[in-house]
Amino acid sequence: MARMKFLCDADRCIECNACVTACKNEHEVPWGINRRRVVTLNDGKPGERSVSMACMHCTDAPCAAVCPVNCFYTTADAVVLHSKDICIGCGYCFYACPFGAPQYPKVGNFGSRGKMDKCTYCAGGPEADFSTIEYEKYGSNRLAEGKLPLCAEMCSTKALLAGDGEMIAQIYKERVVKRGYGSGAWGWKTAYRETIAI
Amino acid sequence: MRRGMTLFRTIVVATALAAAVPAMAQQTRDGLNPTGQNPTADSVTEEFLFKQEPKIGGRVSIPDGKSANLIQPQGREYQAFREGWLPWIGGIAVLGILGLLTAFFLLRGRIALDDPGPDTGKKILRFNSFERFAHWMTATCFIILSLSGLNYIFGKRLLMPLIGPEAFGTLSQWAKYSHLYLAWPFMLGIAIMLIVWLKDNIPEKLDWEWIKAGGGLIGRGHPHAKRFNAGQKVVFWMVVGFGAAMSVTGVVMMFPFAVTDINGMQVTQVIHSLIGVVFIAGILAHIYIGSIGMEGAYDAMGSGKVDLGWAKSHHDLWVEEQQAKNASVAQLGTRQVPAE
Chain P
57 MARMKFLCDA DRCIECNACV TACKNEHEVP WGINRRRVVT LNDGKPGERS
107 VSMACMHCTD APCAAVCPVN CFYTTADAVV LHSKDICIGC GYCFYACPFG
157 APQYPKVGNF GSRGKMDKCT YCAGGPEADF STIEYEKYGS NRLAEGKLPL
207 CAEMCSTKAL LAGDGEMIAQ IYKERVVKRG YGSGAWGWKT AYRETIAI
Chain V
20 MRRGMTLFRT IVVATALAAA VPAMAQQTRD GLNPTGQNPT ADSVTEEFLF
70 KQEPKIGGRV SIPDGKSANL IQPQGREYQA FREGWLPWIG GIAVLGILGL
120 LTAFFLLRGR IALDDPGPDT GKKILRFNSF ERFAHWMTAT CFIILSLSGL
170 NYIFGKRLLM PLIGPEAFGT LSQWAKYSHL YLAWPFMLGI AIMLIVWLKD
220 NIPEKLDWEW IKAGGGLIGR GHPHAKRFNA GQKVVFWMVV GFGAAMSVTG
270 VVMMFPFAVT DINGMQVTQV IHSLIGVVFI AGILAHIYIG SIGMEGAYDA
320 MGSGKVDLGW AKSHHDLWVE EQQAKNASVA QLGTRQVPAE
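From first to last, the protein sequence lines are chains P and V.
Positions 57 to 254 (my numbering) are the ones given, in order, by the first sequence.
Positions 20 to 359 (my numbering) are the ones given, in order, by the second sequence.
Only chain P is shown next, with the shape it has when bound in the complex:
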């Protein structure tokens, strides 16, 4: 099985936010929640770079470790998913996440945290594939259709890569060698405890 990862080539990202919009639309993500966002570093200064970021589906995911109800599970493709039936909206995963991925609709006690929502790598949830309940809770299940996450699929500059870690690392390496530069695989060291050596 593949080990699915995300890689954002910051030298290509033009901060068009289409990945953000596509994700929001594809999964009908609730109001106030963005499963993916584009962060611009050094905004307006020389060396400005933009990075598209969502859940990185970490190796030994911190969210899963700190969850008091063990609602997380890792699929055969190494995608980190969770069950909204078991989640209690305590907020610990969001304290532990290095990428700010877990978010909560404001439907809990005192308008506080409801059940956590995060990027599913377009892989749905524990419910039966393509079921209505799965779509309502987690959004569409493109992975089960044999497709990759929509954010990466429709990225206008092919900055955002999704797929097997080794394959996307190879694509990125080739790019860096050909053009002679690259600002690195953002977040990889934190998420996967490895980076792409070029």
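Hints are computed from structural coordinates only; laboratory data are not their basis.
Small disclaimer: the values here were computed from a predicted structure and weren't measured.
Idealized CB from N, CA, C, for every residue including glycine.
Don't take each hint at face value.
[What the hints assert, rightly or not] Covered stretches of chain P (chain V as the covering partner; in silico rule of three or more C-beta atoms under 8 Å from a C-beta of chain V):
hint: 1; stretch: 71-79
hint: 2; stretch: 98-104
hint: 3; stretch: 117-130
hint: 4; stretch: 196-203
[Stated by the list, open to error] Which chain P residues face chain V? A few, computed with CB under 10 Å, are given here:
hint: 5; residue: Asp-67
hint: 6; residue: Ile-89
hint: 7; residue: Asn-90
hint: 8; residue: Val-95
hint: 9; residue: Ile-142
hint: 10; residue: Cys-143
hint: 11; residue: Gly-145
hint: 12; residue: Pro-154
hint: 13; residue: Phe-155
hint: 14; residue: Gln-159
hint: 15; residue: Tyr-160
hint: 16; residue: Val-163
hint: 17; residue: Ser-168
hint: 18; residue: Ala-241
hint: 19; residue: Gly-243
hint: 20; residue: Lys-245
[Claimed, not checked] No more than 27 Å apart at the CA atoms, straight line, and that leaves these computed lysine-lysine pairs for DSS-like:
hint: 21; chain 1: P; residue 1: Lys-245; chain 2: V; residue 2: Lys-74
hint: 22; chain 1: V; residue 1: Lys-218; chain 2: P; residue 2: Lys-140
hint: 23; chain 1: V; residue 1: Lys-85; chain 2: P; residue 2: Lys-171
hint: 24; chain 1: P; residue 1: Lys-140; chain 2: V; residue 2: Lys-85
hint: 25; chain 1: V; residue 1: Lys-324; chain 2: V; residue 2: Lys-218
hint: 26; chain 1: V; residue 1: Lys-85; chain 2: P; residue 2: Lys-101
Please build the complex by placing chain V on the supplied structure of chain P, with the hints as guidance.
Chain V only, in chain P's frame:
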């Protein structure tokens, strides 16, 4: 509009070219820019940004400003605390105090009613109904808050394997609701107890003598004490202090980002959990001495009336005070005025 833009662009490009031609002729070679540098040499890198600050953030164009944090590896430290340290600290605090209390019970036994004071059969009112209401409201909330709190740490380790993930998920959901809703009557109870009992809990010289004498716990006989002895004052200040700390940290976590950012909330959770387990340990000792640890002690919070002999040996100065008050207002024999 479009034609206007094209015209504008043409003029700009023409002007730029006219200005650049002499410079280009001199400096440009092999497609390099005039400075001779790689155009991406000054681009930001993860390594460089992590050297400047422990986390990387920037600007986002979506309205959610807090999503501008790109990478915040501190979550790993929080994880190390919550999954590595906290279960051990919590386990040792709770099991440790239970072990100590068991050992104390086995060594000292139950502190008897006639030790040394005799059972006179007469009763004196120690806590009026409002005081008892405040105590039991806080106590009930505390028990549920501590069980639901311990569930956050130990539930998945102890309870989940027994009842299965679905039942445990439902139970934990209710535990979370109770934790958040019962926090409010708990805070109210703490506030009432602070107001009602503050004046009797100011530390004084007598307390030091009580501690030096072993407080009646070690050895025989009871040192002098007013309404609350030094041990009870410690419990009072622990409840007020820890209660306040738990309230503040709890409310901060209940409303994410209202007060502090993500690192602040991580620290808040660490403080809340550490004080929580110590608080539970302290209250277990309080429960012990107020129930099985000492005969006659439970009546104070049960019926509110304690045996006069018990009161004389444990709170001699308070009994004198009450009797003096009684005499001055000429009350009936055994009936006592409520202690405020």
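Quick rundown of the hints versus the structure:
1. 71-79: holds (count 3)
2. 98-104: Coverage by chain V holds here, the residue count being 5 at a Cβ distance below 8 Å.
3. 117-130: Per the Cβ count (8), the hint holds.
4. 196-203: violated (count 0)
5. Asp-67: holds, 6 Å
6. Ile-89: Holds - the Cβ of Ile-89 of chain P comes within 10 Å of chain V, reaching about 8 Å at its closest.
7. Asn-90: holds, 6 Å
8. Val-95: holds, 4 Å
9. Ile-142: holds, 4 Å
10. Cys-143: holds, 8 Å
11. Gly-145: holds, 7 Å
12. Pro-154: holds, 5 Å
13. Phe-155: holds, 6 Å
14. Gln-159: The hint holds - Gln-159 of chain P has a Cβ within 10 Å of chain V, the shortest such distance being about 8 Å.
15. Tyr-160: OK, holds: Tyr-160 of chain P within 10 Å of chain V, min 8 Å.
16. Val-163: violated, 13 Å
17. Ser-168: Hint holds; Ser-168 of chain P Cβ to chain V Cβ min 6 Å, cut 10 Å.
18. Ala-241: holds, 8 Å
19. Gly-243: holds, 5 Å
20. Lys-245: Since the shortest Cβ distance to chain V is 7 Å, the answer is holds.
21. P:Lys-245 with V:Lys-74: Measuring from Cα to Cα gives roughly 13 Å; hence the hint holds.
22. V:Lys-218 with P:Lys-140: violated, 50 Å
23. V:Lys-85 with P:Lys-171: Holds, because 19 Å separates the two Cα atoms, which is no more than 27 Å.
24. P:Lys-140 with V:Lys-85: holds, 23 Å
25. V:Lys-324 with V:Lys-218: holds, 21 Å
26. V:Lys-85 with P:Lys-101: holds, 21 Å
Of the hints listed earlier, those the structure fails to meet are numbers 4, 16, 22, in rising order.
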